[in-house]
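Each protein sequence line maps, in turn, to chains A and B. In our numbering, each residue carries its 1-based index in the first sequence increased by 3. In our numbering, each residue carries its 1-based index in the second sequence increased by 3.
Keep in mind that the hints were calculated from the coordinates and are not lab data. Predicted model only: the values in this text are computed from it and were never measured. Careful, some of the hints might be misleading.
Any copy, or any two copies together, can satisfy a pair, since identical chains are not distinguished.
Claimed, not checked - Here are the simulated lysine to any residue pairs, SDA-like style, with alpha carbons at most 25 Å apart:
1) LYS242 x ASN179
2) LYS242 x PRO52
3) LYS217 x LYS242
4) LYS242 x PRO51
5) LYS91 x ASN179
6) LYS242 x THR108
7) LYS91 x SER75
8) LYS91 x GLN182
9) LYS140 x GLN333
10) LYS217 x VAL49
11) LYS91 x GLN73
12) LYS91 x PRO15
13) LYS163 x HIS193
14) LYS217 x ASP238
15) LYS163 x ALA295
One letter stands for each residue in the lines below.
Protein chains: 2
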Amino acid sequence: MSNQDPAPAAAPRLVSLPELHALLADFDCIAAMEQAFRAVSEGSIVAPPGGELLFDDPAGDAHIKFGYRQASEHYIVKIIAGFYDNAKLGLPGLGGLVLVLSRRTGVPVAILLDDGWLTNLRTAAAGAVAARYLAPKSVTAIGVLGTGVQARMQVEQLQKVTPCRDLVVWGRSAFNARQYESDMETRGFHVSIAPSPSAVAERANLIVTVTPAKSPLLTKADIRRGTHITAIGADTAEKTELDPAILAAADIVAVDERELALGRGEVGKAIQARVIGSDRLVELGEIVVDPARGRRSESQITVIDLGGTAAQDILMAEAVMIALTQRDRQA
Amino acid sequence: MSNQDPAPAAAPRLVSLPELHALLADFDCIAAMEQAFRAVSEGSIVAPPGGELLFDDPAGDAHIKFGYRQASEHYIVKIIAGFYDNAKLGLPGLGGLVLVLSRRTGVPVAILLDDGWLTNLRTAAAGAVAARYLAPKSVTAIGVLGTGVQARMQVEQLQKVTPCRDLVVWGRSAFNARQYESDMETRGFHVSIAPSPSAVAERANLIVTVTPAKSPLLTKADIRRGTHITAIGADTAEKTELDPAILAAADIVAVDERELALGRGEVGKAIQARVIGSDRLVELGEIVVDPARGRRSESQITVIDLGGTAAQDILMAEAVMIALTQRDRQA
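Bound conformation, chain A alone (with noise of 0.2 Å):
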């Protein structure tokens, strides 16, 4: 390499996920994420669509997001991978960092070692924002689709904005359904088991899916009037855990970001089966603005697929920064 280069930029500051959990422990999550959906309706975020990587043997997919917003000092890369196998080896399902840089020299100014668990946070955060503005107000039981991390920490941040401490929950795996009841009953909750997806549906009125799955678990015909359903798991073009009926059939379909639910996910899934069409879609961020376009009665059915978006991220990535900021100035 030549000599007269400039010298190299300072070296980035490495965060790792114990320091990360104490910067964020005050943060009021659901409130930055009502911010971020509304950026993204109000266009104040630069982030184009983010890349994916699809991996074989083992299976596992790595989505790569990026973005600024208009009025922050960085721009934000985050890669989040999950790979299906990775509990056998004792590591978490979601592996993945965040990178934070200069929007002023370009150069990397953090390194946030999250191995997912701000995407898992700020995902979680996002369904109680939406069941803030779409679940009935009388919530019968909380139904989850799914058993794993995320499943627990949506149920964690819906304590936030519902009494409903009811939750019924199926799992493809009998022990992963045991292990999570055992959990979140240790958590304060009351837990049953259900047999089936369809049976979640019979008991809850506020559903969360939070699964992998590439074919319907629910069909239009298991949704009773005034169910909310938060759609999590849909996050490739191939994964799909809702039938688009359910979608035609509901009063609100809701998404995090229009542009992109056009492409990905139960959205994607139904406009292209020209089940929905893209005129009833409404943003998250456009329901926080004016709340009287979220749920209207408790009898009408809701849906909101959250594909995630990098608003979330580029929030998450700023209150870090923030936080370590003030710590800087006490230490």
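Please arrange chain B on chain A, whose structure you already have, making use of the hints.
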């Protein structure tokens, strides 16, 4: 965060720029780039189109590339950002880093803090690969449009494929051109400064364009028979260094990756303007496999548009990982 989560993955290994220099001191980058282009054309690379972020105030752009080689243990995500005011701040013009992650588990394995050096090196070596198959046998002089780091590195790599040590350089800034002259004279080149791009084309028959120009620097009338041009600078939709008529007049129009070239750079512009058809394009990897598809006479005009491919970044990261493993074994 919940108690029963698996332990965080081991922290990724950080590799500094001086370490990268040492690890790749004996690396045959030109051979590796031939392998990369061959892999592109053979289809053994998984690399969807990368992402791009544009910034104003200060002006800059960030490119995110990601992918993996089918046979590799890793996938990579590379971020490279160019901010034109960085030199004033004493920072490298390019910033960024390369993430190496496991394609078995998704977790980050290494973070190569290269400040864009790996990209610079692989870009320069790609220019040398192109010249090996496309430049005339008898190079009268190497013409260089641009006076930055890449304008230096291109010429350094060309030393391995041509005995010519005569440089004709043009730059927008007379000061930078004199600095370039002085630096390259020190390294054993004979340098003359040309008053215009066309004056470069009058004397040189191997021309490398390495500027951030947004309108053509060379027209068809400037280009003599027998000239080869390697166009490097046009890495976004708005940048361009060559009049599309040059591509129309060329006997060979080569690209690093056909699919990407259709939408960007000199070739993308020429195809969108219907000045050339996509059937005119040949991939550098196709030429490496069958050199008869490269230059066939001293009078042909040849052009290659090197926008950069994830395959190059993947092979560079692999070289670093191999060198790291070897160093670990010796330690």
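We went through each hint and held it up to the structure:
In this assembly of identical chains, LYS242 and ASN179 lie within 25 Å of each other by CA distance solely inside one copy; the values are 21 Å within and 54 Å between copies. When the C-alpha separation of LYS242 and PRO52 is checked against a cutoff of 25 Å, the pair qualifies both within a copy, at 18 Å, and between copies, at 22 Å. With identical chains, the CA atoms of LYS217 and LYS242 are at most 25 Å apart within one copy only, with a shortest distance of 4 Å there and 42 Å across copies. For a Cα distance limit of 25 Å, the shortest separation of LYS242 from PRO51 qualifies both inside one copy, at 22 Å, and across copies, at 19 Å.
In this homomeric assembly, LYS91 and ASN179 come within 25 Å of each other (Cα to Cα) only inside a single copy, at 13 Å, whereas the closest approach across copies is 58 Å. For the identical chains of this complex, LYS242 and THR108 are inter-copy neighbours only, at 20 Å across copies versus 38 Å inside a copy, given an alpha-carbon limit of 25 Å. When the C-alpha separation of LYS91 and SER75 is checked against a cutoff of 25 Å, the pair qualifies only between copies, where the shortest distance is 22 Å, while the shortest distance within a copy is 40 Å. When the C-alpha separation of LYS91 and GLN182 is checked against a cutoff of 25 Å, the pair qualifies only within one copy, where the shortest distance is 15 Å, while the shortest distance between copies is 58 Å.
In this assembly of identical chains, LYS140 and GLN333 lie within 25 Å of each other by CA distance neither inside one copy nor across copies; the values are 42 Å within and 66 Å between. Within a single copy, LYS217 and VAL49 get their C-alpha atoms only as close as 31 Å, which misses the 25 Å cut-off; across copies the closest is 23 Å, which meets it. Taking identical chains as interchangeable, the C-alpha atoms of LYS91 and GLN73 lie at most 25 Å apart only when they sit on different chains, with a minimum of 24 Å there against 42 Å within one chain. In this homomeric assembly, LYS91 and PRO15 come within 25 Å of each other (Cα to Cα) only across copies, at 21 Å, whereas the closest approach inside a single copy is 33 Å.
Taking the closest pair of Cα atoms, LYS163 and HIS193 come within 25 Å of each other only inside a single copy of the chain (17 Å); across copies the shortest separation is 72 Å, beyond that limit. Within a single copy, LYS217 and ASP238 get their C-alpha atoms as close as 11 Å, which meets the 25 Å cut-off; across copies the closest is 38 Å, which misses it. Taking the shortest Cα distances, LYS163 and ALA295 sit within 25 Å of each other inside one copy (21 Å), while across copies they are farther apart (69 Å).
The structure is inconsistent with hint 9 alone, although it conforms to all the rest.
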